[in-house]
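2 protein chains.
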Amino acid sequence: MSDLYFDDFKVGDQFKSGGITVTEGQIIDFAMRYDPQVFHLDAEAAKGTPYRGLIASGFHTMALTFRLFLETGVLSSCSLGSPGIDEVRWLLPVRPGDTLHVVGEVIEIRPSKSRFDRGMIRFRYTNFNQRGEKVLTMIGNQLLLRRPTSSPSM
Amino acid sequence: MSDLYFDDFKVGDQFKSGGITVTEGQIIDFAMRYDPQVFHLDAEAAKGTPYRGLIASGFHTMALTFRLFLETGVLSSCSLGSPGIDEVRWLLPVRPGDTLHVVGEVIEIRPSKSRFDRGMIRFRYTNFNQRGEKVLTMIGNQLLLRRPTSSPSM
Numbered sequence: 001m002s003d004l005y006f007d008d009f010k011v012g013d014q015f016k017s018g019g020i021t022v023t024e025g026q027i028i029d030f031a032m033r034y035d036p037q038v039f040h041l042d043a044e045a046a047k048g049t050p051y052r053g054l055i056a057s058g059f060h061t062m063a064l065t066f067r068l069f070l071e072t073g074v075l076s077s078c079s080l081g082s083p084g085i086d087e088v089r090w091l092l093p094v095r096p097g098d099t100l101h102v103v104g105e106v107i108e109i110r111p112s113k114s115r116f117d118r119g120m121i122r123f124r125y126t127n128f129n130q131r132g133e134k135v136l137t138m139i140g141n142q143l144l145l146r147r148p149t150s151s152p153s154m
Numbered sequence: 001m002s003d004l005y006f007d008d009f010k011v012g013d014q015f016k017s018g019g020i021t022v023t024e025g026q027i028i029d030f031a032m033r034y035d036p037q038v039f040h041l042d043a044e045a046a047k048g049t050p051y052r053g054l055i056a057s058g059f060h061t062m063a064l065t066f067r068l069f070l071e072t073g074v075l076s077s078c079s080l081g082s083p084g085i086d087e088v089r090w091l092l093p094v095r096p097g098d099t100l101h102v103v104g105e106v107i108e109i110r111p112s113k114s115r116f117d118r119g120m121i122r123f124r125y126t127n128f129n130q131r132g133e134k135v136l137t138m139i140g141n142q143l144l145l146r147r148p149t150s151s152p153s154m
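Same order as they appear, the protein sequences are chains A and B. Anchor point for the first sequence: position 63 equals 63 in our numbering, and the numbering is continuous, going up by one each time. Anchor point for the second sequence: position 140 equals 140 in our numbering, and the numbering is continuous, going up by one each time.
Among these hints, one or two may not hold up.
The list cannot tell twin chains apart, which means a pair is met if one copy fits it or any two copies do.
When the alpha-carbon atoms are kept at most 20 Å apart in a straight line, the in silico DMTMM-like pairs for lysine to aspartate or glutamate are as follows [unchecked claim]: (1) Lys47 to Glu24; (2) Lys10 to Glu24; (3) Lys47 to Asp117; (4) Lys47 to Glu133; (5) Lys113 to Glu24; (6) Lys16 to Asp35; (7) Lys134 to Asp86.
No wet-lab data here; the hints were simulated from the structure. Just so you know, these numbers come straight off a predicted model, no measurement behind them.
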């Protein structure tokens, strides 16, 4: 993929990632550090919870969602980070053996009023499992550099 | 802390966590797996970015926020997981050596209309650094069990 900048995106653009298979070991490792609740940590005890087995921490699924999107290369040249994320929704459990991929769609584009070298793009990220079911949606606010040659400040 | 259930919370209740010191190694390890952007991964190249040095992935700070809150024990007996999170805001960078703690405040309480054994509580989580500055805020929607003896369904 050639280098993309703020100016290259338009509303409706979609970018599809490759996949990742989530293992039991990865789920438990993440939960040990960041979300040690029984349904993320203990495959036996998890059978007695409403989830009826081990599921990935939602924070794990979020982090994988962004990682998969990053691998598309869309943000490689232009990312200045992010001030936040909205409307994170965990729609279905992610279980050991599930394979996830992500689609990021441009839903809003706002040039900065105060800094001419950048702008904000809102992406709706949707994370799908191997059955095509949505497991997570969230809206990321990404601060992106404008294409250098088009910047009035340079 | 004694076991808490949905019925034990009231709007305005606040719960303060212990602290955690975030190291350069932890920041880079997390970024390698989930957010391999230059300002999270490469301490030298990060000097040339707007952040002027290495900063933690926002997904790392989020996960630590929830981990610290979990350690208060508030959710230990009653957590049924979460359908989502709203209004994640990364307010200041988290840098190697920063020490974080979290305050969770109850901002809304809604008994379930369809399931008498549970309800939803919205917590506003605020993550502070060692200077008392807010580095992250977010609103978590937590599905919680009602106290068993008070449940009409049992």
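What are the numbers of the hints that this structure violates, sorted from low to high? Hint check: 2, 4, 5 fail, others pass.
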